[in-house]
Amino acid sequence: MNITVDRRSRSARRIEDRIREIGDHAGQLAARHLGGRVPQVEIALTDGNGVARLVQDADIALAGRTTWRRRTVGRVADHWHARHAFAATALTPRGALVAINASRNSDLRELDRTLIHELGHAVQLNQPGARDRHVTYLRQQYGITPHSKTDQREYERLIDIREQQAENLEALARQLPGH
Numbered sequence: 253m254n255i256t257v258d259r260r261s262r263s264a265r266r267i268e269d270r271i272r273e274i275g276d277h278a279g280q281l282a283a284r285h286l287g288g289r290v291p292q293v294e295i296a297l298t299d300g301n302g303v304a305r306l307v308q309d310a311d312i313a314l315a316g317r318t319t320w321r322r323r324t325v326g327r328v329a330d331h332w333h334a335r336h337a338f339a340a341t342a343l344t345p346r347g348a349l350v351a352i353n354a355s356r357n358s359d360l361r362e363l364d365r366t367l368i369h370e371l372g373h374a375v376q377l378n379q380p381g382a383r384d385r386h387v388t389y390l391r392q393q394y395g396i397t398p399h400s401k402t403d404q405r406e407y408e409r410l411i412d413i414r415e416q417q418a419e420n421l422e423a424l425a426r427q428l429p430g431h
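The sequence shown begins at 253 in the working numbering and counts up one residue at a time.
No lab work stands behind these hints: they were computed from the structure. A virtual CB, placed ideally from N, CA and C, is assigned to each residue, including glycine. Some hints here could point you the wrong way.
[Claimed, not checked] Listed next, with one range per pair, are the computed distances between beta-carbon atoms:
id	residue 1	residue 2	range
1	Glu415	Thr388	35 to 45 Å
2	Thr388	Gln416	17 to 27 Å
3	Gln280	Arg346	40 to 50 Å
4	Gln404	Arg426	34 to 44 Å
5	Ile396	His285	28 to 38 Å
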């Protein structure tokens, strides 16, 4: 796992140290529980605006060329959601990006739950066929390739299922060192 600090906060160093301490173990727990493997993960410590920006940049890198208008509309919607989010996971060409909102994760116990949750999403998106299906969804979301409403609803139901699975993983945080 590679850790970068996109925006410094008062607790960034503490959070970075904790991620280095538990990151690999959290990934192994998530992978074992979900029956998959952890892809190459880059972790970025940032703030709410940075979470939205980094995730959208990663999504666009996979989805392909899109209009500035679609990017702007997407950024406004993502900004509102990510500003309050603890973290978000996105696919990258080489693996996955986990953008962590440092200001929302200053409590290290909360960080443990957030990290295992997001690494669970990385494992889910690394399962056979999941990457291609997610890229297809992104291309539809950015208006590059149209799809039916049925396909969109089906994938959004899958997103809900994945979210529930990741929330269930949070209980495994008690097994992390120092928790």
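Hints violated by the structure (listed by number, smallest first): 1 and 3
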